[in-house]
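In this text, residue positions in the sequence shown follow numbering that gives the first Met the number 0: the first is 0, and each later residue adds one.
Among the clues, some could well be false.
[As the list claims (entries may be wrong)] Once the Cα atoms are required to be at most 25 Å apart in a straight line, the calculated DSS-like pairs of lysine-lysine come out as: (1) 73 with 59; (2) 33 with 44; (3) 3 with 73.
Keep in mind the hints are simulated off the structure, nothing from the lab.
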Amino acid sequence: MYDKRQRSLLAVATILGMTALIACTPPSDDQRLKEQAAQATEQAKQGSKEALADARVAAKNAEQAVNDVAAGVKQGLDSKSTPSARVDLNSASGADLTALPGISVRKAREIIDHRPYASSHDLVKDGLLTEAQFEEIAPKVTVR
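Put together the whole structure using the sequences plus the hints.
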């Protein structure tokens with residue numbers, strides 16, 4: 000609905016609006032004024048909490064992607080295995096899977112989340128890959 004910046008701006012606008020309303024309200028409405036100010040403050044706090052939660056999720060996802068890429072680079076540098084070695088879909092890391100042609104970090108996470116597999120073609124049966132995508136990686140994967 001709203002992104003983080005819009006929520007923050009909405010919260011600030013609400014507080015400023017309430018402040019303007021307070022300035023225009025006669026002093027005899029002190030209790031109502033206090034209630035309105037408290038309500039505006041609560042709305043601003045809730046908006047801030049939601050923005051913080053969204054930022055935490057985004058940071059976690061970014062951290063996972065960076066870790067997967069770093070692991071893949073490290074594995075590529077340290078690899079002593081032959082290039083013809085097959086990747087086991089039931090035990091491969093995210094980095095191993097992203098090394099396959101056409102497999103993104105997100106797709107690797109989906110493959111990991113749908114384990115275990117009885118056959119490598121389960122990737123197509125489970126709707127994770129199209130037949131064409133599967134044909135690209137089929138010679139490079141196995142299921143043990």
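Hints, verified against the model:
For the suggested pair residue 73 and residue 59, the alpha carbons sit about 21 Å apart, so the restraint of at most 25 Å is met. Taking the CA atoms of residue 33 and residue 44, the gap is near 16 Å; set against the 25 Å cutoff, the hint holds. With a CA separation close to 35 Å, the supplied pair residue 3 and residue 73 exceeds the 25 Å bound.
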